[in-house]
Structures are given as C-alpha cells and as structure tokens.
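Undergrad: Residue numbering for the sequence shown follows this note's numbering, beginning at 1 and increasing consecutively.
Keep in mind the hints are simulated off the structure, nothing from the lab. Yeah, the Cβ is synthetic: ideal placement off N, Cα and C, and Gly gets one too. You may find that some hints are simply not true.
[Claimed, not checked] Taking lysine-lysine and the DSS-like style, the derived pairs with C-alpha atoms no more than 27 Å apart in a straight line are:
{"no.": "1", "residue 1": "117", "residue 2": "163"}
{"no.": "2", "residue 1": "184", "residue 2": "163"}
{"no.": "3", "residue 1": "184", "residue 2": "154"}
{"no.": "4", "residue 1": "240", "residue 2": "184"}
{"no.": "5", "residue 1": "250", "residue 2": "184"}
{"no.": "6", "residue 1": "117", "residue 2": "102"}
{"no.": "7", "residue 1": "250", "residue 2": "240"}
{"no.": "8", "residue 1": "163", "residue 2": "2"}
{"no.": "9", "residue 1": "250", "residue 2": "238"}
{"no.": "10", "residue 1": "163", "residue 2": "102"}
[Claimed, not checked] Derived DEER-like restraints, expressed as beta-carbon distance ranges:
{"no.": "11", "residue 1": "106", "residue 2": "165", "range": "36 to 46 Å"}
{"no.": "12", "residue 1": "83", "residue 2": "244", "range": "46 to 56 Å"}
{"no.": "13", "residue 1": "48", "residue 2": "222", "range": "45 to 55 Å"}
{"no.": "14", "residue 1": "108", "residue 2": "153", "range": "17 to 27 Å"}
{"no.": "15", "residue 1": "111", "residue 2": "244", "range": "27 to 37 Å"}
{"no.": "16", "residue 1": "115", "residue 2": "247", "range": "25 to 35 Å"}
{"no.": "17", "residue 1": "72", "residue 2": "13", "range": "31 to 41 Å"}
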Amino acid sequence: MKHSCLIIDDEILARDVIRTFLQADPSIHVTDEAANGTQAVIKILQRRPDIVFLDIQMPELDGFEVLKEIWPHHQPFVVFTTAYDQYALRAFEVNAIDYLLKPFDEIRFHQSLGRVKERLSQQAQPKVEELVNRLLHDQREGNEGHFLRRILVKESGRMFLVKLDDIIYFGADGNYISLHTAQKTYVIYESLSSLENRLDPAVMIRTSRSNIININFISELETYFNGEYIVHLTNGEKIKWTRGYRDNIKAFLTRTG
C-alpha cells in the first residue's frame with residue numbers, strides 16, 4: 001500500500017535530502033513540496049497527504065502555525081524537522097511521531113519513517129493533536145498573538161489565504177460570510193459568531209448581527225436614530241451600527257481616543 005507524502009522546508013537542500021531518502025522506499029509517494037508556511041497550508045489541504053515532513057522555522061508561518069491552520073480540515077501524520085533544539089524539544093514534548101534534528105543521516109531518517117509507517121498501519125494518531133488543540137485553545141482564549149491572521153478561502157477550485165489586515169469588513173448571510181477587501185469579495189462557509197471568537201477584538205469589532213468591521217477602515221461615525229450609528233468606510237460603503245452592539249461603540253471610541 002502506498003502512502004502519500006508532502007515535504008515542507010524553506011531550504012532546497014533539506015527538501016532534496018528528504019526526497020532522496022524517500023526514494024529508497026517504494027511504499028512512499030512524494031506528491032508535492034512547499035517552501036514556506038503559506039504554501040504548506042494550501043498544498044496540504046489540496047493534496048491531503050498521509051505524511052508530512054514539516055520544518056518548524058519557516059517564513060510567513062512556522063510549522064506550529066501551519067498545524068493550527070490545517071488541523072480542523074486535515075490531520076496528517078507529522079514528522080517535525082528543525083535545526084534548533086528548542087523547537088525539537090517542544091515537538092517531542094507533545095509526542096509527535098518523531099522529530100529530525102538537522103543535519104540527520106539516512107539511518108536516523110529511516111528510523112523516523114519506520115515509526116510513521118507503524119502508526120499508519122495502526123491508524124493511531126500520536127499526541128501531536130494535543131499541541132494543535134492547545135494552539136486552538138489559546139486562540140479562542142484570545143491570548144496575544146494567537147488570533148487569526150489569515151483566512152483560508154476556496155474559489156474556482158483553488159485555495160489561498162487572505163490576510164486579516166486586508167479585510168475591510170465581514171458580512172453574514174446565514175452560515176455564509178462574505179470577506180470584503182479593497183480588491184474583491186470572497187465567501188466562506190462559517191457562522192459569524194464562530195469566526196468572531198477567533199478574531200482580535202482590538203481590530204475586528206462587531207457592529208450588528210450581520211457585520212464585523214476592521215476599525216482601521218472606519219473613516220467616520222454618523223449618528224443615526226435611536227442610539228444607532230452609520231459607519232462610513234474608507235472604500236465608500238456605509239454600514240449600520242445597531243443598538244444591540246452599542247457597548248462595542250464605547251470600546252471603539254476608547255481605543256481610538
């Protein structure tokens with residue numbers, strides 16, 4: 001039985017070494033490679049590999065952030081790779097299948113691969129799940145640095161990440177949410193309340209049952225009837241700030257001085 005594999009590392013030489021070692025095992029098929037964290041998220045969710053060799057320190061998103069993004073959608077068997085002991089120890093503490101401390105030789109690599117294949121045959125996911133659950137929990141608790149920074153969207157058969165800093169506002173229609181940027185609008189399937197719990201409240205503020213606005217794109221607040229406001233956005237759109245969320249107005253005014 002063949003197992004699909006994805007190699008993720010920002011160093012070409014490191015990817016070459018892993019690919020070469022894997023060529024000696026006919027049961028492993030390398031489906032793709034990625035050179036940074038953003039590519040990694042997209043390719044893992046597109047390819048849905050059985051195994052991922054995942055570098056921890058990478059541009060854009062590190063290995064732990066990659067896991068946080070993909071885990072709700074796909075849970076591959078993970079072998080961490082790193083040149084830094086402190087990251088390796090963190091991976092080891094959560095009992096990932098294994099970690100490879102660079103530079104590693106072929107014997108050490110195949111020891112790790114053997115553990116992966118044993119887990120696959122048993123369909124026993126290791127406790128790497130504990131790490132991801134902890135990351136997601138920290139994000140929900142609102143600890144600094146653990147809020148969403150990108151949102152995965154699908155469009156015309158493609159997947160890509162939209163930066164939160166580029167989103168002017170979110171608009172909800174049932175369980176569909178439109179993400180409005182200066183360039184275009186995207187649609188995802190999720191409830192607005194669920195999304196709100198993963199957004200930084202210092203930047204993204206709920207103004208109604210249907211809208212969350214990025215305060216950096218608010219140009220003016222216009223008083224309206226019955227304690228409501230009209231929010232003028234920098235792109236020219238106007239959105240109502242309803243009475244049910246007027247406590248958020250106080251918070252907004254406090255933040256903006």
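Undergrad: For residue 117 and residue 163, compute the direct alpha-carbon distance and say whether it is at most 27 Å.
TA: violated (36 Å)
Undergrad: Holds or violated: 36 to 46 Å for the Cβ distance of residue 106 and residue 165?
TA: Given a distance of about 43 Å, which is inside 36 to 46 Å, the answer is holds.
Undergrad: With the threshold set at 27 Å, check whether the alpha-carbon distance from residue 184 to residue 163 stays at or below it.
TA: holds (13 Å)
Undergrad: Compare the distance between the alpha carbons of residue 250 and residue 240 with 27 Å, and conclude whether the hinted pair is satisfied.
TA: holds (16 Å)
Undergrad: Verify the proposed pairing of residue 240 with residue 184, using a straight-line Cα cut of 27 Å.
TA: With Cα atoms ~21 Å apart, residue 240 and residue 184 stay inside 27 Å; holds.
Undergrad: Just tell me: holds or violated, for the beta carbon distance of residue 115 and residue 247 against 25 to 35 Å?
TA: With Cβ atoms ~52 Å apart, the hint is violated.
Undergrad: Do the alpha carbons of residue 250 and residue 238 lie within 27 Å of each other, as the hint requires?
TA: This hinted pair holds, its Cα atoms lying about 19 Å apart.
Undergrad: Taking the CB of residue 72 and the CB of residue 13, does the distance hold inside 31 to 41 Å?
TA: Given range 31 to 41 Å: holds, Cβ gap about 32 Å.
Undergrad: Within 17 to 27 Å: is that where the Cβ-Cβ distance between residue 108 and residue 153 falls?
TA: Hint violated: Cβ distance 39 Å, outside 17 to 27 Å.
Undergrad: Please check whether residue 83 and residue 244 have a Cβ separation lying inside 46 to 56 Å.
TA: holds (52 Å)
Undergrad: Starting from residue 184, check that the Cα of residue 154 is at most 27 Å away, please.
TA: holds (14 Å)
Undergrad: Taking 27 to 37 Å as the hint, is the beta-carbon distance of residue 111 and residue 244 inside that range?
TA: violated (59 Å)
Consistency with the previously given hints fails for numbers 1, 5, 8, 10, 14, 15 and 16, ordered from lowest to highest.
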